[in-house]
Amino acid sequence: MSQVRIPNIKIAVIDDDLLVRDFMVTVLMYCVNRDVLSFDNGLAAWKYIKGHESPDIIISEIDVSGLNGFELMAKFKEKSPDKKCLLMSANPSNEQPARNSGADAFLAKPVTVNDLFIVVETFVVKG
Amino acid sequence: MIKLGADSVEMREMSNDDIFSSRLKLLIIMIKAYLKDCPLGNYRKQAIIENANQVFCHSLQLVSESSSLKDHGIDVQTDIVSRETISAEHMFHQRVQLLSVMAKAIAENRSMSSFRKKSITDNLNKICETLIFNFQVRDVDFLKVA
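Chains A and B, in that order, give the protein sequences. Going by our numbering, the first residue of the first sequence is number 456, and it counts up by one from there. Going by our numbering, the first residue of the second sequence is number -16, and it counts up by one from there.
To be clear, the hints were calculated from the coordinates, so they are not data collected in a lab. Small disclaimer: the values here were computed from a predicted structure and weren't measured. Hints may be right or wrong, so weigh each one.
To be verified - No more than 30 Å apart at the CA atoms, straight line, and that leaves these computed lysine-lysine pairs for DSBU-like:
(1) Lys8(B) <-> Lys465(A)
(2) Lys530(A) <-> Lys465(A)
(3) Lys(-14)(B) <-> Lys502(A)
Using the sequences and the hints, build the whole thing.
What follows is the structure in structure tokens.
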């Protein structure tokens, strides 16, 4: 019998590319068997986060409108310092700034199903 | 900070083909997990249906784009090798569309006899051979719980 346990977790995905966003939501929803929030811009995500209990994990594209990934992460970490923020980008020059600004992970596009499985293993199952 | 995804030199925006390929691999994983008796909660079922619909539509679109090119006389190669390639591609997409229907049937709790499970396994294996994709459910512990 497996000793693995999936906690009751809330994840939010922020990306203005509908195909990418929906793909990530499908993978994550399948993995954790929970609903997954999704937003097409940083401001909409922040409005939700401000008015509700923070998601346990946010996964945000850096180059989104409203608030970009760095700005969203700064506000999110200020409100919920113990929660996880993963930034993603297709631009390699964003990696070092993501590291410097305290992101918990950097997802370099294109991401695969296996990358998202590792996200779940690392940040959901192992907590 | 951990880094996941592409190597820096290979980073780029995700194309429609990236999404199709990733969704198809996810569909294979979903069905393999079902065949290994991994539990299906309501959200997992919802994710399977959504993924199956997306894969089915994308596959149809690719087939229709391919025949549209032929209709317009583009890339019409009539030698035997080309015709075999076109036929193999056509069959691959028929198998992918069938897999999508099978996945939806699983998520919708349609009855699954041993013969149906065998035909799902056969179809899955043929697609995996073409993709050279060898995923093992035993490697991903969290799929065994919901």
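Each hint tested on the structure:
no.: 1; hint: Lys8(B) <-> Lys465(A); verdict: 25 Å, holds
no.: 2; hint: Lys530(A) <-> Lys465(A); verdict: 18 Å, holds
no.: 3; hint: Lys(-14)(B) <-> Lys502(A); verdict: 28 Å, holds
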